[in-house]
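A.B. asks: The listed protein sequences derive, respectively, from chains A and B.
Per my numbering, the first sequence starts with residue 5, numbered consecutively.
Per my numbering, the second sequence starts with residue 21, numbered consecutively.
The hints are simulated quantities; they were obtained by calculation from the structure and are not laboratory data.
Misleading hints may appear alongside valid ones.
Stated by the list, open to error - Here are the simulated distance ranges between beta carbons:
id	chain 1	residue 1	chain 2	residue 2	range
1	B	Ser-205	A	Leu-175	15 to 23 Å
2	B	Lys-399	A	Leu-73	26 to 34 Å
3	B	Arg-352	A	Phe-278	16 to 24 Å
4	A	Leu-120	B	Ser-205	46 to 54 Å
5	B	Ala-223	A	Leu-8	50 to 58 Å
6	B	Ala-222	A	Thr-56	28 to 36 Å
7	B	Lys-197	A	Phe-278	49 to 57 Å
8	B	Pro-289	A	Phe-289	36 to 44 Å
9	A	Thr-56	B	Ala-195	54 to 62 Å
This structure is a prediction, so every number in the text was calculated from the model and none was measured.
Quick reminder that beta carbons are idealized off the backbone N, C-alpha and C, glycines included.
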Amino acid sequence: MEILLQQIVNGVVLGAVYALVALGYTMVYGILGLINFAHGEVVMVGALTALTAINLLVGSGLPGPVILLIGILAAAPVCLAVGYLMERIAYRPLRNAPRLAPLITAIGVSIILQYLAVLIWGRSYHAYPELLPTAPFDLFGARITPTQILILVLATLTMVGLLLLVHKTRLGRAMRATAENPGIARLMGVDTDRIVSITFMLGSVLGALAGVMVSVNYSIAHYQMGFILGLKAFTAAVLGGIGNLGGAMVGGILLGLIEALGSGYIGDLTGGVFGSNYRDVFAFFVLILVLIFRPSGLLGEKLADRA
Amino acid sequence: MRFPVVVLRFAVLAAFALAGCGKQAGEQATSSSDEVVVKIGVASPLTGPQSHIGQDIKNGALLGAEDINASGLVIAGKKIKFEILAEDDEANPTKATTVAQKLVDAKVVGVVGHFNSGASIPASKIYADAGIPQISPSSTNPKYTQQGYKTTFRVVANDDQQGPVLGRFAVAKLAAKNVAVIDDSTAYGQGLANAFEATVKAAGVNIVAHEHTTDKDTDFAAILTNIKGRNPDLVFFGGIDTQSGPMSKQMKALGIQAKLLGGDGMQTPNFIKLAGDAAEGAMASIPGLPKDKMPGGKAFLDKFKAKFGVDVELFAPMGYDAVFVFADAMKRAGSTDPVKILPEIAKTNFNGVIGPIAFDEKGDLKSGPVTVHVVKGGKWEALETVTPDGDKK
């Protein structure tokens, strides 16, 4: 029973990590219909930039959480700039091009960002210092660390914050208008270029936050970390219904749970025929099932909900 | 579908190797004078981030040649003078093949090198084509000696030899009863983990779980939780530090009391950095004896320090012994012709600085010792040395 509870905690935490990254994907997709495959790399740039700042401050005597906050604050503007430049240089010229063109460009941008990171930070795996207390809390026999709780809280807050932004603010209304029909939105006086820029920058800042939290949790950062993370987060976004903010959260947590419970119990359920190495197979199998029966994801991608 | 192509390639290579041997034999036979200079090649990274280790190997070989020359080696009535020809392979596989060709063209009798498995393997083809024996002081990838070349040897234990050794260590020293095994699904990690598992199983140890991850993953919470539910007293990991570091940390967070044991991919300073406090008590092996515990260690270390003014890094004793393997084979062959000394190298059996040196049919070091290290006070410390035959030193 304790083990099952622990697996559920593991799954929810892993899911929150995916959700945090997936929210960035979904933001951009909701407005542009563009899958920004370079988002995982923005997450990586955020993690490594923050690490540089954190390494400068470690040993300065500041308390760990303060250093962490400064790290995030240092990574945010860098990622914001990356997001802006990425949109300006790579995607805007292709706004009216066939859908495949920006997709390929996104993959190109992701490779460029990876190798820029190699130039700056090198290929080695960097250790993230321990900034938050590591003593885990006991939750009816399951254990959860302060970092993991923080990730859960941040993912929830981010989702709620974005929902409020999109549905309750003027900027959000402009975003929804741009999503629904950029042409008409322009006629109504919405500066759609600016809205798209802001969306990218917002998504990238979220990426910075996600990158730092992921790295703190696993205490490791490297130039390739964004790839798998981005792929999983993208899967989570599709699972929940891409473009749908609540869907990113639901999809993320679900994917995390499937992976944790899957790799924890496949071996026993199949009598050892499948092992924990089939964890991703399991996750993608569920994705395929969902897409067969609900092609637009669990929560769907209703236009009004997009952003 | 690749298999036939590979077979074909080996056949062609073998033909080339034979042709090469014949050519070498002819050239060597013509050289004669009172003192014969025999060139021994050394190939290792002499520039770049690994240059300290490459230089170490080169110095070891230089010292070996000096000692042999001082002892007055006479073969077939002629006085032999060893000359070391050192080349820089920059730890780069492409550069390694260039360097190998250069050494072959310079008509070396044998090569000590290379340092990296990634350099030794591509270069070995060129030496094999030319029929020149190659002794690597440090490359541990099993593939190096598994390519079917007669010319590849090494004076260090390979990765496949570590698994069984670690298994015996777990049973004899750690008295493990219930063991959980994790591997990273790579050739190295899986090979190591399976070899370990087979050994401990044979000794009656209960394998409570064998879980798999990948060499890209950093989240092991699910498999570790599963393992926790089965209460092992030891967790073995086949893989490298980038996984075992976070894994060690997550084990601590989940409250797993069992110790973590791994191979040389984990025995790095980086592991301790990544695992933080959780590294304490983790154990991992590296091939070879700790340098001060080698049979000829103390004397060698002093001689080396006196000659070069620096301490031995790691592989200088292996470089030194490799030169002696060549000299020993020449003595028995009564010739300095690579064709004649090659079969004699395979029959090598003598005591070097690193301990007894003999090769198996593939050219791997028989009973290559492996040293298990433990993290103590944030540093790797040698704990115990085990040889593959089971006798401890």
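A.B. asks: Confirm or reject each hint.
C.D. replies: Now for the hints, and whether the structure bears them out:
1. B:Ser-205 / A:Leu-175: 15 to 23 Å: violated (46 Å)
2. B:Lys-399 / A:Leu-73: 26 to 34 Å: holds (32 Å)
3. B:Arg-352 / A:Phe-278: 16 to 24 Å: Violated, since Arg-352 (chain B) and Phe-278 (chain A) (Cβ atoms, about 55 Å apart) do not stay within the stated range.
4. A:Leu-120 / B:Ser-205: 46 to 54 Å: Distance hint for Leu-120 (chain A), Ser-205 (chain B) is violated at roughly 29 Å.
5. B:Ala-223 / A:Leu-8: 50 to 58 Å: violated (33 Å)
6. B:Ala-222 / A:Thr-56: 28 to 36 Å: Because 50 Å falls outside the window, the suggested range is violated.
7. B:Lys-197 / A:Phe-278: 49 to 57 Å: violated (27 Å)
8. B:Pro-289 / A:Phe-289: 36 to 44 Å: Holds, since Pro-289 (chain B) and Phe-289 (chain A) (Cβ atoms, about 40 Å apart) stay within the stated range.
9. A:Thr-56 / B:Ala-195: 54 to 62 Å: About 46 Å separates the Cβ atoms of Thr-56 (chain A) and Ala-195 (chain B), which means 54 to 62 Å is violated.
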